[in-house]
Amino acid sequence: SQQGEEDPQALSIQEGENATMNCSYKTSINNLQWYRQNSGRGLVHLILIRSNEREKHSGRLRVTLDTSKKSSSLLITASRAADTASYFCATDARGTSYGKLTFGQGTILTVHP
Amino acid sequence: DGGITQSPKYLFRKEGQNVTLSCEQNLNHDAMYWYRQDPGQGLRLIYYSQIVNDFQKGDIAEGYSVSREKKESFPLTVTSAQKNPTAFYLCASQMDRSSYNEQFFGPGTRLTVL
Numbered sequence: 001s002q003q004g005e006e007d008p009q010a011l012s013i014q015e016g017e018n019a020t021m022n023c024s025y026k027t028s029i030n031n032l033q034w035y036r037q038n039s040g041r042g043l044v045h046l047i048l049i050r051s052n053e054r055e056k057h058s059g060r061l062r063v064t065l066d067t068s069k070k071s072s073s074l075l076i077t078a079s080r081a082a083d084t085a086s087y088f089c090a091t092d093a094r095g096t097s098y099g100k101l102t103f104g105q106g107t108i109l110t111v112h113p
Numbered sequence: 001d002g003g004i005t006q007s008p009k010y011l012f013r014k015e016g017q018n019v020t021l022s023c024e025q026n027l028n029h030d031a032m033y034w035y036r037q038d039p040g041q042g043l044r045l046i047y048y049s050q051i052v053n054d055f056q057k058g059d060i061a062e063g064y065s066v067s068r069e070k071k072e073s074f075p076l077t078v079t080s081a082q083k084n085p086t087a088f089y090l091c092a093s094q095m096d097r098s099s100y101n102e103q104f105f106g107p108g109t110r111l112t113v114l
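Residue numbers (our numbering), protein chains in the order written: chain A, 1 to 113; chain B, 1 to 114.
Just so you know, these hints were derived from the structure itself, not from any lab.
Fair warning: this is a prediction, and the values are worked out from it, not measured in the lab.
Ideal placement from N, C-alpha and C gives every residue a C-beta, glycine not left out.
Honestly, I wouldn't trust all of these hints.
No farther apart than 30 Å at their CA atoms in a straight line, the calculated lysine-lysine pairs in the DSSO-like style are these [to be verified]:
no.: 1; chain 1: B; residue 1: K57; chain 2: B; residue 2: K83
no.: 2; chain 1: A; residue 1: K100; chain 2: B; residue 2: K70
no.: 3; chain 1: B; residue 1: K9; chain 2: B; residue 2: K57
no.: 4; chain 1: A; residue 1: K26; chain 2: A; residue 2: K100
no.: 5; chain 1: B; residue 1: K9; chain 2: B; residue 2: K83
no.: 6; chain 1: A; residue 1: K100; chain 2: A; residue 2: K69
no.: 7; chain 1: A; residue 1: K56; chain 2: A; residue 2: K100
no.: 8; chain 1: B; residue 1: K70; chain 2: B; residue 2: K9
no.: 9; chain 1: B; residue 1: K57; chain 2: B; residue 2: K70
no.: 10; chain 1: A; residue 1: K100; chain 2: A; residue 2: K70
no.: 11; chain 1: A; residue 1: K26; chain 2: B; residue 2: K9
no.: 12; chain 1: B; residue 1: K70; chain 2: A; residue 2: K26
no.: 13; chain 1: A; residue 1: K69; chain 2: A; residue 2: K26
no.: 14; chain 1: A; residue 1: K70; chain 2: A; residue 2: K26
no.: 15; chain 1: A; residue 1: K70; chain 2: A; residue 2: K56
no.: 16; chain 1: B; residue 1: K57; chain 2: B; residue 2: K14
no.: 17; chain 1: B; residue 1: K71; chain 2: B; residue 2: K9
no.: 18; chain 1: B; residue 1: K57; chain 2: A; residue 2: K70
no.: 19; chain 1: A; residue 1: K100; chain 2: B; residue 2: K9
no.: 20; chain 1: B; residue 1: K71; chain 2: A; residue 2: K26
no.: 21; chain 1: B; residue 1: K9; chain 2: A; residue 2: K56
Reference listing, derived: stretches of chain A covered by chain B, where coverage requires no fewer than 3 residues with Cβ under 8 Å from a Cβ of chain B [claimed, not checked]:
no.: 22; segment: 17 to 26
no.: 23; segment: 72 to 78
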């Protein structure tokens, strides 16, 4: 079963706008990761946030984690057409084998030039 | 795609045939993983291996088999017992068993059963 549920399923914005994607999960985690997938390609790791962290930044990306609500958000600021892709959250659940990630169904982001 | 190669990129199989998907990494990573992705869906874990000569079933292992004879190689065999094998297959590796490492993905193999 999928640990992560992502919202929205699809997001369409104009270049320059911010994009926010949300992920909810069910069990306690060691960490939560965000990945990006361009159509028909492999996944690329974006950012990892540990369970004891609340916020993390990487360039135009900002990730927050609220373990009390079992949720995370990914914010992409000043979006570009090249950000068009699917974005997945993945959780490393506590008590399972390390590195055994469970992925959400993803958010499809379309950025219009 | 970070030092992980998958071949072939596209694979066509007739019903009843076994096929083997290749995954090789030159990152010296201990752990390797196989995922299946169906259209519009997230990834589901098929098998994973954290050290050579050892592997574990993931969430959807039925109809699949793997081997890990070498650190750099983790081939996946899709057997005739897999009822709906048409999908996009992704291989990944991770440095070690630590829970604080990212996974690196290959470019994927798209398998179609005719």
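Status of each hint after checking the structure:
no.	hint	verdict
1	B:K57 - B:K83	holds (17 Å)
2	A:K100 - B:K70	holds (20 Å)
3	B:K9 - B:K57	holds (24 Å)
4	A:K26 - A:K100	holds (15 Å)
5	B:K9 - B:K83	holds (21 Å)
6	A:K100 - A:K69	holds (22 Å)
7	A:K56 - A:K100	holds (22 Å)
8	B:K70 - B:K9	holds (22 Å)
9	B:K57 - B:K70	holds (18 Å)
10	A:K100 - A:K70	holds (18 Å)
11	A:K26 - B:K9	violated (35 Å)
12	B:K70 - A:K26	violated (36 Å)
13	A:K69 - A:K26	holds (9 Å)
14	A:K70 - A:K26	holds (7 Å)
15	A:K70 - A:K56	holds (16 Å)
16	B:K57 - B:K14	holds (25 Å)
17	B:K71 - B:K9	holds (22 Å)
18	B:K57 - A:K70	holds (26 Å)
19	A:K100 - B:K9	holds (25 Å)
20	B:K71 - A:K26	violated (33 Å)
21	B:K9 - A:K56	violated (35 Å)
22	17 to 26	violated (count 0)
23	72 to 78	violated (count 0)
In this structure, the earlier hints numbered 11, 12, 20, 21, 22 and 23 are contradicted, and the remaining ones agree with it.
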